[in-house]
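Chain by chain, the residues:
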Amino acid sequence: MSEDSERREASGEKGEVLLEMRGLVIEGMAGETWHGIVHGLDLTLKRGEVLGLIGESGAGKSTIGLAAMGYARPGCRISGGRITFDGVDLTAASEDEKRKLRGVRIAYVAQSAAASFNPAHRLIEQYSETPVEHGVTSKSDADADAIELFGRLQLPDPDNIGYRYPHQVSGGQLQRAMTAMAMACRPDLIIFDEPTTALDVTTQIEVLSAMRDIVEDFNTAAIYITHDLAVVAQMADRIMVLRYGHLVEEADTREMMADPKEDYTKSLWAVRSFKKEKAPAPEDAVPLIQVDHVTAGYGKLTVLKDISFSIYPKRTVAVVGESGSGKSTAARVITGLLPPSSGDILYKGEALPGDFRRRTKDQLRKAQMIYQMPDTAINPRQRIRDIIGRPLAFYLGLRGSELEQRVLDLLQMIELEPKQFIDRFPGELSGGQKQRVCIARALAAEPEFIICDEVTSALDQIVAEGILKLLDRLQRELDLAYMFITHDLATVRAIADEVIVMYQGEIVEQGDKDDMFTPPHHEYTDLLLSSVPEMDPDWLDQLLAERAKSEVKVKLAGN
Amino acid sequence: MSAETPDIAEAEGAEISAGSSRWRDLGRELMKAPPTAKFGMIVIVIYILVAIFAPIISPYKESQIIGPEYLDIGQAYYTKDNGRIEPLFSEDEIADAREDGHEIGTLVLGTDNLGRDMLTRVFYGARNTIGIAILTTCLAFALGAGTGMLAAAVGGWVDQILSRIVDVLMAIPQLIFALLLLTIFGTSIPVMITIIAILDSTRVFRLARAVSMNVVVLDFVEAAKLRGEGLGWIVRREILPNIMPPLVAEFGLRFVFVFLLISALSFLGLGIQPPTADWGSMVRDNATLITYGIATPLIPAGAIALLTISVNFVVDWFLQKTSGLRDE
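Residue numbers (this note's numbering), protein chains in the order written: chain A, 749 to 1307; chain B, 231 to 558.
Derived by calculation from the structure, the hints in this document are not laboratory data. A hint or two may mislead.
Unchecked claim - Partial chain A-side listing against chain B, Cβ under 10 Å, derived:
#	residue
1	Leu-1112
2	Met-1117
3	Gln-1120
4	Tyr-1143
5	Arg-1147
6	Ser-1149
7	Cys-1186
It should be emphasised that the depicted structure is a prediction, and the values quoted were computed from it without experimental measurement. The C-beta atom is built at its ideal place from N, Cα and C for all residues, glycine as well.
Isolated chain A, as found in the complex (with noise of 0.2 Å):
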């Protein structure tokens, strides 16, 4: 610890200017010219501050926390501006000095760490080979400071986690491992790039919390990039909102949350308002889609035990829970996918054969499905106008100039300009787009139900609210009902009826939405619902103070 403290003061006071970007332009190729990414932005930050960048995607963000070590993805370049990092020009800067700075000054934390992480080798190794390249510490000292640091990132067993391999720690403790990792050299400044993005809120949580208390801890000054305001208002202590490589706003982050002054940063704001008109309780004694006590699961591992729900016409079920929790398999069960190995799947009280092979191309029309990721949902070699048109010539066996004014027809129910968009392929339109694309194509099969199986976590928020109107706007059009698998609670709120939580292939908790959301909970229920970050600075404070009281949190969601 006292080395901690002497390396402390040689980092200086809080509150000199450690960052500072004057005018930065960068431009990344396209096509055979340069384009700007980032159009002359100003940016400075002091030691100890924490500054959030939040934008959508194609703000610039990434862009812009890369830059702050000097560095340009390929195909990019630093083409104007000045980067000064503690005294030394980035721009003007030899590979060989910035080399020396990245690592030891500088440290970057990404996104998924399960891809940053090499496989094939310890953590423990991984966490010492940047400290010891660089001179920094022997490997001894290396290892016994990476130990201390797991210990204080509340990793479990902070004396053996270090042995194992990236496999064998989860995706949240991964996470933590890669901020001890970016901690070895005490850097003055880490840029964190989405590190939560990828994990489920509970998880969320943890990570968050252990990344203040460290970067709190040692004084680090830290850039956090992120989509998502509710943690950047945990995080941060001055937030900048970034909209195609320009500014649009700046301010601490206290007055930022309480008073957005331009329009954009207001919409941002406005985001997670939208709520659906409430369906009215279902009439039919018979439910469209009945699950019957099924268990499921692949070879000997069950997946599913014994659940039963039913979805009503013209209602919307959202099934929540974490990534394990069982959610997707149910879908895939109800698809024919996955045969159940007993239960049933009854449509309209008619039980529907569980293989998917032997069901009659009736049945496959009524039921849809839409996907979380719409780039690999849609065939990337065909155009709209086949992938819109095929299940209308496939099922309602449409042909010619009637096919094509029914995807016209489509396109239009998606709010997608149809004239423009018919000879396209996928690759050129953006994520939300596609994501139109795919619910053109469930629509045009003319079902009666569709599962949407994460359909908003690959988009940004605003997108994402685009996509959930649109949904609920066609649901009371065409009278559909739709199966909402997520994780995200915003989008329950949003969008639901009815609530089922799901925790490891067991139903804990269903009921109508507004039942779900007011307590008594389920204690699972309570803690997926409290772990959702919200719009207020003090909101993981609070909720950790009271967590360490009751301890629901040791009991559930200790890995």
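For this one, chain A is given, so just place chain B on it according to the hints.
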């Protein structure tokens, strides 16, 4: 961009390229190609032109004997099906040839061991050898890619059976196996094409199966299955378009191997049979001449080598383009 979608507009901007500029892009890509690839493409185009127009640009007929001192031997060499020895050319033709009085020295590449014009033989050789090689490669691809995609799409025991058959075929050295089969079934061109196509399709099967495996796990294939699409649709419309780049590159390489195999078989006397001009047998027929310091056998050999290298240059460039491996 439509007015109804303000939330998703603008975001893409520069990345959209209209379909009409595709040809211009192609032209630009070709101009940017490295010199090796350009060289390869030019050579291939020349070979193809020669192959197509061989009858027009050749000074003589494919098997015409023009060296006057060879004409008598030439008659003796030609045997008809009924076993009787008959002259290759009519008396008039022989008279014409004698009258023309060709000197071997005036021909660009001279004559071969039977007094046929070497230039003509090389031109016709391009036509025969390249034509047969392309046909064989196409057949190998139809067979190999079809079964490979099928194995990936269906999986289970179909995949197991097909893969094990391929393993067995690949376990036997290709050239020896081809020689064996040609000896059994006889050495006609259709038999040779079939045998080489089947043997080569095993390599194509392996590649097609491997790349298809990466495609069949994607959601759009699952969506097609859930729609109730048949296997034919899934293979042709969902998988095939997505595995075209590696298949096209493999087509180039496979063509070279087939070409070399045909040449090797012809050299060994089990490939294309005389008097059809073919580079492999042309090397063999004239091989002994090298002992007299005559370069004749090296001409078809050089033609083979040049084509092989050129195709490889182009394939290398194409692979680098499509796999996204660039030096940055």
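To see whether the hints hold, each was checked on the structure:
The beta carbon of Leu-1112 (chain A) comes within 5 Å of a beta carbon in chain B, closer than 10 Å, and the hint placing it at the interface holds. With its C-beta approaching chain B no nearer than about 6 Å, Met-1117 (chain A) sits inside the 10 Å limit, and its interface hint holds. Interface hint status for Gln-1120 (chain A): upheld, as the beta-carbon distance to the closest one in chain B is roughly 8 Å, under 10 Å. Here the hint on Tyr-1143 (chain A) is kept, as its CB sits about 8 Å from the closest CB of chain B, short of 10 Å.
The interface hint given for Arg-1147 (chain A) is broken, as the beta carbon of that residue sits about 17 Å from the closest beta carbon of chain B, more than 10 Å. Because the smallest distance between the Cβ of Ser-1149 (chain A) and any Cβ of chain B comes to about 22 Å, over 10 Å, the interface hint for this residue is violated. A distance limit of 10 Å between C-beta atoms decides the matter here; for Cys-1186 (chain A) the minimum to chain B is near 8 Å, and the interface restraint holds.
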